[in-house]
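With positions in the sequence shown counted from 1, the corresponding number in my numbering is that position plus 13.
It is worth saying that the hints were derived from the structure and are not from the lab.
Any given hint could turn out to be false.
List of simulated lysine-lysine pairs, DSS-like, C-alpha gap at most 30 Å [what the hints assert, rightly or not]:
no., residue 1, residue 2
1, Lys-208, Lys-109
2, Lys-196, Lys-263
3, Lys-177, Lys-83
4, Lys-196, Lys-177
5, Lys-402, Lys-157
6, Lys-196, Lys-157
Label-pair ranges, simulated between beta-carbon atoms [claimed, not checked]:
no., residue 1, residue 2, range
7, Leu-220, Ala-105, 20 to 30 Å
8, Arg-307, Glu-48, 15 to 25 Å
9, Asp-218, Gly-197, 26 to 36 Å
Heads up, the beta-carbon is just placed ideally off N, CA and C, and yes, glycines get one too.
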Amino acid sequence: MARQFTDEQLAEIARPFEEHAIEALAAGDIARVRELLVHMEQGQAGLDALSAHTLARKVGKLRQDFGEEKTRDALRRIGARLMQTWARQFRAGEEKAAIADLVAVYKHQGGARLSASETTEEIVVDLAPCGSGGRLERQGAIAKYPAWYAGWSDGVSGFCQLCKSCQHALNEELGAPVWTTEKGDDGHCRMRIRKQGNEQLFAPDELADLSRTRVQRIQQALDSGNTDTTDNTDTTDVEQLLRGQRKDWKPWHDFGVVCLEYFYNVALELGGPDYLDELLAQTYEPAFVAGFPRYEAMGDEELVREIARTWNYHCADFTIHEEDDRFIFRLDPCGSGGRLLRGEMWRDMFHYGEPLAAKMASPHNINFNRSNAPTYCTHCAASNRAQLKGGPLFFLVDGHAQMQPGQACRQFSYKKAAQRRCDPALREQVGLPDTGANPSSRGEHDAEKESL
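Starting from the given sequences, assemble the full structure and let the hints guide the process.
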């Protein structure tokens with residue numbers, strides 16, 4: 014099978030939207046910048062939705078299997094780990110930075126619209142709507158699938174239970190109700206963060222930026238006619254805001270990634286690797302499988318461009334190479350498991366070896382049959398298995414590529430004409446027999462895809 018792209022063309026495909034927007038800005042093509050902003054605003058949409066649903070379903074899975082009391086205890090422990098850096102920051106008197114980062118987690122959630130105000134006593138942030146628990150409510154997931162998204166005796170939905178556990182953990186550590194929320198109607202919520210003193214923390218422009226993403230700030234700057242690219246001290250400088258935009262949502266991205274890792278460790282504690290396997294099969298694979306029809310419909314060029322966009326917004330650094338039957342994405346590092354392994358998460362939130370951050374000592378199908386395996390990477394084994402059992406082979410990960418911190422990972426997207434055959438080692442890594450050609454992508458997941 015002949016190559017479809019030159020190395021130069023693949024390098025161009027790997028470039029993020031922001032680089033094209035900066036070039037358009039320099040050329041004075043503001044219409045093109047606005048066009049690219051639409052793509053940039055939606056760049057992480059698929060990853061964001063996957064994160065919200067899988068987190069909520071993990072809360073639901075634990076509640077179904079172990080009951081409310083044990084699940085609340087697990088959420089309490091997860092919340093304490095997630096909030097540890099904020100607790101240290103508040104105690105050190107760095108409340109302005111701590112508040113800004115806390116709000117950043119929420120402003121980058123899909124569909125969220127925030128507005129912030131400051132009084133003598135507190136920062137008030139209206140989420141109208143919230144982009145996580147509130148969004149799931151607005152989408153109807155809570156009403157349609159109560160066992161997975163709701164079902165709690167206090168009437169609080171699963172994702173909101175997770176949010177409440179973080180609030181409780183921070184407040185308990187600080188000995189005061191510093192962070193509270195009040196749920197409203199239609200997915201709306203009001204967040205209150207108590208100040209340590211009565212002095213004003215945020216200037217009016219800082220308060221406005223507190224609740225806005227870079228894309229929103231760029232759009233406002235363009236609407237006001239500000240396209241200056243020479244004064245890098247200007248906080249509304251469009252070029253400065255464009256540069257690095259793909260990682261602007263890192264606060265919510267990394268918070269969700271670390272939270273997932275903690276859930277995986279809780280699953281190992283409660284039921285061992287077999288239970289972690291079951292948890293991923295029921296809470297991650299269905300959400301992943303929901304995207305199969307879309308990827309099945311893509312041609313090779315559309316697919317490689319889509320996967321490149323995904324890796325850009327998954328906070329990865331990567332290059333693309335082409336072989337006769339597949340495209341290889343070399344991830345150095347992967348934006349989730351690779352950065353976790355290197356200890357490179359936002360706010361220095363995570364390091365293996367800390368509480369709820371153990372590796373898996375023994376081989377298992379769910380960890381690519383590796384010893385001392387990074388626990389987070391089990392979800393890639395689960396998605397590999399789903400594809401190899403009868404899905405499009407659009408996102409297969411080499412589970413033995415990244416064996417040590419600092420090593421790169423590899424992900425394969427198989428071409429249409431060759432996608433039912435792949436490296437037999439990929440099947441062996443997840444405990445599937447080598448059958449030559451992989452099963453047809455039709456049939457295995459049809460019912461699951463229809464339900465989602």
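Taking the hints in turn, this is what the structure says about them:
1. With a C-alpha separation of about 9 Å, the suggested pair Lys-208 and Lys-109 falls inside the 30 Å cut-off, and the hint holds.
2. Simply put, Lys-196 and Lys-263 have alpha-carbon atoms about 25 Å apart, close enough for the 30 Å limit, and the pair holds.
3. At most 30 Å may separate the alpha-carbon atoms for a hinted pair to count; Lys-177 and Lys-83 meet this at roughly 16 Å.
4. With a CA separation close to 11 Å, the supplied pair Lys-196 and Lys-177 stays within the 30 Å bound.
5. Distance hint between Lys-402 and Lys-157 is fulfilled; the C-alpha atoms sit about 28 Å from each other, no more than 30 Å.
6. Distance hint between Lys-196 and Lys-157 is fulfilled; the C-alpha atoms sit about 20 Å from each other, no more than 30 Å.
7. Range check, Leu-220 to Ala-105: about 22 Å between beta-carbon atoms, so the 20 to 30 Å window is met.
8. Arg-307 and Glu-48 have their C-beta atoms about 22 Å apart, which keeps the hinted 15 to 25 Å range intact.
9. Separated by about 27 Å at the C-beta atoms, Asp-218 and Gly-197 satisfy the suggested range of 26 to 36 Å.
Checked against the numbered hints given earlier, this structure breaks none of them.
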